[in-house]
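Undergrad: Whenever a hint applies, use it, and build me the whole structure from the sequences.
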Amino acid sequence: MKTKFCMVMDFYFSEIQGGAEINAESLVDRFVSQGYDVMKIKSELATVEFLETHKDYVFIFSNFILLPESSKQYAIKNLKYFVYEQDHKYIKSRNPIKYVDFIAPKEERINIDFYSHAIKVMFLTKLSMDVFQSNTELNNLLNLKSSVWRTDELQYFKQICNNEKNNKIAIMNSSNPIKRRSDCINLCKQKGWDYDLIGDRNFKKFMEKMSKYEKFLFLTGHLETCARVVVEAKMLNLKVITNKKLIGAASEDWYSLSGKELIDEMEKISDSMPSKILEALND
1 MKTKFCMVMD FYFSEIQGGA EINAESLVDR FVSQGYDVMK IKSELATVEF LETHKDYVFI
61 FSNFILLPES SKQYAIKNLK YFVYEQDHKY IKSRNPIKYV DFIAPKEERI NIDFYSHAIK
121 VMFLTKLSMD VFQSNTELNN LLNLKSSVWR TDELQYFKQI CNNEKNNKIA IMNSSNPIKR
181 RSDCINLCKQ KGWDYDLIGD RNFKKFMEKM SKYEKFLFLT GHLETCARVV VEAKMLNLKV
241 ITNKKLIGAA SEDWYSLSGK ELIDEMEKIS DSMPSKILEA LND
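Heads up: the sequence shown runs through residues 1 to 283, numbered per my numbering.
Everything labelled a hint here was simulated from the structure, so no lab data went into it. Glycine included, C-beta positions come from ideal geometry on N, C-alpha and C. Check the hints yourself; a few may be wrong.
Have a look at the derived ranges for each label pair, beta carbon to beta carbon [said to hold, decoys possible]:
| hint | residue 1 | residue 2 | range |
| --- | --- | --- | --- |
| 1 | Pro177 | Asn139 | 32 to 40 Å |
| 2 | Lys158 | Pro68 | 16 to 24 Å |
| 3 | Asn282 | Asn166 | 44 to 52 Å |
| 4 | Asn282 | Tyr99 | 32 to 40 Å |
| 5 | Lys260 | Pro68 | 40 to 48 Å |
| 6 | Asn173 | Glu44 | 42 to 50 Å |
| 7 | Pro68 | Asn140 | 20 to 28 Å |
| 8 | Lys106 | Ile65 | 18 to 26 Å |
| 9 | Asn282 | Gln155 | 25 to 33 Å |
| 10 | Asn166 | Asn202 | 15 to 23 Å |
| 11 | Gln155 | Asp101 | 25 to 33 Å |
| 12 | Asp37 | Ser116 | 24 to 32 Å |
| 13 | Leu66 | Asn202 | 25 to 33 Å |
| 14 | Glu261 | Ile76 | 36 to 44 Å |
Result set (DSS-like, lysine-lysine): computed pairs, CA atoms no more than 27 Å apart in a straight line [said to hold, decoys possible]:
| hint | residue 1 | residue 2 |
| --- | --- | --- |
| 15 | Lys212 | Lys276 |
| 16 | Lys106 | Lys77 |
| 17 | Lys126 | Lys165 |
| 18 | Lys165 | Lys239 |
| 19 | Lys189 | Lys215 |
| 20 | Lys204 | Lys158 |
| 21 | Lys42 | Lys80 |
| 22 | Lys92 | Lys40 |
| 23 | Lys260 | Lys212 |
| 24 | Lys245 | Lys92 |
| 25 | Lys55 | Lys89 |
| 26 | Lys179 | Lys244 |
| 27 | Lys276 | Lys2 |
| 28 | Lys89 | Lys40 |
| 29 | Lys276 | Lys239 |
| 30 | Lys106 | Lys245 |
| 31 | Lys77 | Lys92 |
| 32 | Lys126 | Lys92 |
| 33 | Lys189 | Lys212 |
| 34 | Lys89 | Lys244 |
TA: Take a look at the structure:
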């Protein structure tokens with residue numbers, strides 16, 4: 001009988017349109033497309049009673065800030081589980097950018113016991129894995145080497161990646177202070193660069209808008225575990241202006257690719273994720 005999985009997350013993508021949410025749900029879809037039974041539950045509802053009832057499932061804990069502490073302790077003692085690490089939940093501030101060499105003081109480190117009992121802690125990129133290991137000294141680590149996309153999304157990127165470019169710079173119109181929208185605008189003004197703020201709650205419409213720009217400016221106030229939107233910009237043949245030392249994607253060999261070559265590589269990596277996780281489970 002095939003292994004059954006349960007993905008635990010703080011919010012669904014329909015509630016918060018963030019990278020962690022879409023990654024978790026896209027990973028679910030990759031498992032489902034390969035014939036696996038995967039259920040989803042919000043972390044605040046993953047009570048000890050729920051976990052006990054579904055003890056025969058393999059759990060993947062994505063964002064778990066709202067997971068009851070009692071549930072963490074039950075998982076440590078009773079469950080087979082992975083942690084899908086996407087936003088530095090091993091540090092109280094969840095942002096290692098403020099520390100020298102990204103290493104937080106020991107008193108700032110949290111959830112170490114929960115991570116240490118996972119079958120594997122899974123990462124989006126080498127940079128995020130290396131920073132985690134430097135802070136925790138744990139070795140039960142698995143680099144999945146990228147964010148994950150659905151096949152239909154990647155096929156859509158192929159349709160629009162060669163759209164005519166308008167010689168302007170795109171800036172993501174996000175009110176999230178970590179995305180530093182005002183700093184991006186100020187830099188463009190200082191440099192005399194022509195720019196537009198772009199955004200759309202509809203993912204495909206947002207990608208279509210982006211595909212028409214020459215460059216994508218992405219400044220961040222966070223150590224990006226991958227920076228999904230940066231990879232999307234590169235798949236759409238935009239030149240990316242960013243600080244690569246803060247971008248997880250830039251630590252991977254495929255970062256030099258763009259356009260259809262990068263799209264094909266993302267399909268290959270995304271499609272292989274379920275088998276990599278199952279291999280770790282059965283190791």
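Undergrad: All hints, please: hold or fail.
TA: To see whether the hints hold, each was checked on the structure:
no.: 1; hint: Pro177 with Asn139: 32 to 40 Å; verdict: holds (34 Å)
no.: 2; hint: Lys158 with Pro68: 16 to 24 Å; verdict: violated (43 Å)
no.: 3; hint: Asn282 with Asn166: 44 to 52 Å; verdict: holds (50 Å)
no.: 4; hint: Asn282 with Tyr99: 32 to 40 Å; verdict: holds (37 Å)
no.: 5; hint: Lys260 with Pro68: 40 to 48 Å; verdict: holds (45 Å)
no.: 6; hint: Asn173 with Glu44: 42 to 50 Å; verdict: violated (30 Å)
no.: 7; hint: Pro68 with Asn140: 20 to 28 Å; verdict: holds (23 Å)
no.: 8; hint: Lys106 with Ile65: 18 to 26 Å; verdict: holds (21 Å)
no.: 9; hint: Asn282 with Gln155: 25 to 33 Å; verdict: holds (31 Å)
no.: 10; hint: Asn166 with Asn202: 15 to 23 Å; verdict: holds (20 Å)
no.: 11; hint: Gln155 with Asp101: 25 to 33 Å; verdict: violated (40 Å)
no.: 12; hint: Asp37 with Ser116: 24 to 32 Å; verdict: holds (28 Å)
no.: 13; hint: Leu66 with Asn202: 25 to 33 Å; verdict: holds (27 Å)
no.: 14; hint: Glu261 with Ile76: 36 to 44 Å; verdict: holds (42 Å)
no.: 15; hint: Lys212 with Lys276; verdict: violated (35 Å)
no.: 16; hint: Lys106 with Lys77; verdict: holds (24 Å)
no.: 17; hint: Lys126 with Lys165; verdict: violated (32 Å)
no.: 18; hint: Lys165 with Lys239; verdict: holds (11 Å)
no.: 19; hint: Lys189 with Lys215; verdict: holds (15 Å)
no.: 20; hint: Lys204 with Lys158; verdict: holds (12 Å)
no.: 21; hint: Lys42 with Lys80; verdict: holds (18 Å)
no.: 22; hint: Lys92 with Lys40; verdict: holds (26 Å)
no.: 23; hint: Lys260 with Lys212; verdict: holds (16 Å)
no.: 24; hint: Lys245 with Lys92; verdict: holds (22 Å)
no.: 25; hint: Lys55 with Lys89; verdict: holds (24 Å)
no.: 26; hint: Lys179 with Lys244; verdict: holds (15 Å)
no.: 27; hint: Lys276 with Lys2; verdict: holds (15 Å)
no.: 28; hint: Lys89 with Lys40; verdict: holds (20 Å)
no.: 29; hint: Lys276 with Lys239; verdict: violated (31 Å)
no.: 30; hint: Lys106 with Lys245; verdict: holds (23 Å)
no.: 31; hint: Lys77 with Lys92; verdict: holds (24 Å)
no.: 32; hint: Lys126 with Lys92; verdict: holds (22 Å)
no.: 33; hint: Lys189 with Lys212; verdict: holds (21 Å)
no.: 34; hint: Lys89 with Lys244; verdict: holds (22 Å)
Hint compliance for this structure: hints 2, 6, 11, 15, 17 and 29 are broken, all remaining hints hold.
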